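Student: Sequence:
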Amino acid sequence: MPFGYAAIMELRHVRYFAAVAEQLSVTRAAQLLHISQPALSRQIRDLEEELGVDLLERYPNSIALTEAGKVFLAECKVILRRVEDAVEKVRRKSPSHRSILRIGFAATPAVEILKQAMRVFHKQHPSIQIELKDLSSNGIVRGVRDLKLDLGITIGVAPQSFEGLAMKELGSYGVTVAFPKEHRFAKLKQVPLAEVAKEGLITFTKSEHPEAHSAIRKILSGFTEEPNIVMECDGISSLFAAVESGKGVAIGFETMAKLAGSRLNFRPVLPAPPRLPVVVIYDQAKLSSAGNDFLAILAAVKLKSLRPAAGLLIV
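Under UniProt numbering, residues 1 to 315 are what the sequence shown spells out, in order.
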């Protein structure tokens, strides 16, 4: 190791390189780090000069990790994790400090598993506060990317939306249709998808829940070329209110019934489409030890209606 090496390579160089390597984009990394792109590029080149190796392959419109870059990224993740753990341990020594674990969730897929996981987590970590945020799918992804959330529990029908983030499948739920009490479907034990396709459909806004629209099209692909979406809602409460008022029916997770109570009727659909996956997303390099503990609990929770992640609807 050359004399003066430690004085030149600082922790910020490790953070900067890890951000660029994970994003594979200096532009996106600079935005996440809140520094200018030229300054970030200079820092990475200074690091390469100090190490005496190229960490990145640079192309006109993209970058890639060299073999040395891949090795260095793995070591950077270990370093950053150790630093975060050290900071957390020091903070816990302060009597005024209380750790916070921030979790974003989509209500319908998370309604069962989140409650169970929190119960177990609180027993193991009574001093750690959990901060919950009920968000749209895109809001959850943005929160995790911007490090405003530690974990996000959401629907996983469009995993390409989670590029650059780690994703773990927690299980899956069957597809159901929600409709008003007086609707013609009330007489049926199962509702044919051919009949659902004839109805006006209520779903979430496409701008914040694009996967909901993709899933509906996939589910009804054999019965209609273009689903008749008559209304978009920004949340589950407004969706239930719209269905209850008779404006249309809604396709979604079977757990919708746990949130709606007795306001609406719910039936499984026929033929049964592939199940809808529930996933947790996170930034592996930035996840705290508390986040990892909660992640392990989520993976271990066993619920009767949350079946293993197999035969999933991926769009």
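Please keep in mind that the hints were generated in silico from the structure rather than gathered at the bench. This one's a predicted model, so the numbers in the text were calculated from it and none came from an experiment. It is possible that some hints are incorrect.
[What the hints assert, rightly or not] Derived DSS-like pairs (lysine-lysine); straight-line CA-CA distance at most 27 Å:
| no. | residue 1 | residue 2 |
| --- | --- | --- |
| 1 | 258 | 286 |
| 2 | 89 | 133 |
| 3 | 133 | 123 |
| 4 | 258 | 168 |
| 5 | 286 | 123 |
| 6 | 115 | 247 |
[What the hints assert, rightly or not] Listed next, with one range per pair, are the computed distances between beta-carbon atoms:
| no. | residue 1 | residue 2 | range |
| --- | --- | --- | --- |
| 7 | 25 | 79 | 39 to 47 Å |
| 8 | 289 | 70 | 18 to 26 Å |
| 9 | 35 | 195 | 54 to 62 Å |
| 10 | 169 | 138 | 16 to 24 Å |
| 11 | 134 | 35 | 29 to 37 Å |
| 12 | 237 | 302 | 41 to 49 Å |
| 13 | 35 | 229 | 37 to 45 Å |
| 14 | 198 | 296 | 41 to 49 Å |
All C-beta atoms, glycine included, are put in the ideal place defined by N, C-alpha and C.
Student: Could you run down the list of hints and mark each one as holding or not?
Tutor: The hints, checked one at a time:
no.	hint	in the structure
1	258 with 286	violated, 33 Å
2	89 with 133	holds, 25 Å
3	133 with 123	holds, 21 Å
4	258 with 168	holds, 24 Å
5	286 with 123	holds, 24 Å
6	115 with 247	violated, 31 Å
7	25 with 79: 39 to 47 Å	violated, 22 Å
8	289 with 70: 18 to 26 Å	holds, 25 Å
9	35 with 195: 54 to 62 Å	holds, 56 Å
10	169 with 138: 16 to 24 Å	holds, 20 Å
11	134 with 35: 29 to 37 Å	holds, 32 Å
12	237 with 302: 41 to 49 Å	violated, 29 Å
13	35 with 229: 37 to 45 Å	holds, 42 Å
14	198 with 296: 41 to 49 Å	holds, 45 Å
Hint compliance for this structure: hints 1, 6, 7, 12 are broken, all remaining hints hold.
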